[in-house]
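Take the sequence shown: its position 64, counting from 1, is numbered 168 in this note's numbering, and each next residue is one higher.
No lab work stands behind these hints: they were computed from the structure.
Don't take each hint at face value.
[Unchecked claim] Lysine-lysine pairs mimicking DSSO-like chemistry, simulated, CA-CA at most 27 Å apart:
#1 Lys142 x Lys194
#2 Lys127 x Lys142
#3 Lys118 x Lys134
#4 Lys151 x Lys127
Here the structure is a predicted model, which means the values were calculated and not measured.
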Amino acid sequence: MPESTPITVLILEKEYRINCPGKEHEALMKSAQFLDGKMREIRDTGKIIGIDRIAVIAALNIINEMLQNESQVSEQSRSVSSHIRSLEDKIDTALSRNRQLEL
Numbered sequence: 105m106p107e108s109t110p111i112t113v114l115i116l117e118k119e120y121r122i123n124c125p126g127k128e129h130e131a132l133m134k135s136a137q138f139l140d141g142k143m144r145e146i147r148d149t150g151k152i153i154g155i156d157r158i159a160v161i162a163a164l165n166i167i168n169e170m171l172q173n174e175s176q177v178s179e180q181s182r183s184v185s186s187h188i189r190s191l192e193d194k195i196d197t198a199l200s201r202n203r204q205l206e207l
């Protein structure tokens, strides 16, 4: 297991120390910056008060976006797979015709 070292991230002016493997520090920093941005957007609307509530709404929004993106990727993947199958069928048909011409 990779050795973890503590790293400090700042979210809504509050510091959090998190143990993280060295090779994942950059990803953690980007994640913290992303979360901080989302939480600031929510806080700045003025509709939600309290860091815990802001965090929960931010988490729900992020997960919702992730699930929508996952669904779109899945849909695109099915479309690409279908297109590939269609191309394979056309290639098989062309090869079959070519074999018949050789006979």
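Hints versus structure:
1. Lys142 x Lys194: violated (48 Å)
2. Lys127 x Lys142: The hint holds at about 25 Å.
3. Lys118 x Lys134: holds (16 Å)
4. Lys151 x Lys127: Since the Cα atoms of lysine 151 and lysine 127 sit roughly 38 Å apart, the hinted pair is violated (cutoff 27 Å).
Of the numbered hints listed earlier, those contradicted by the structure are 1 and 4.
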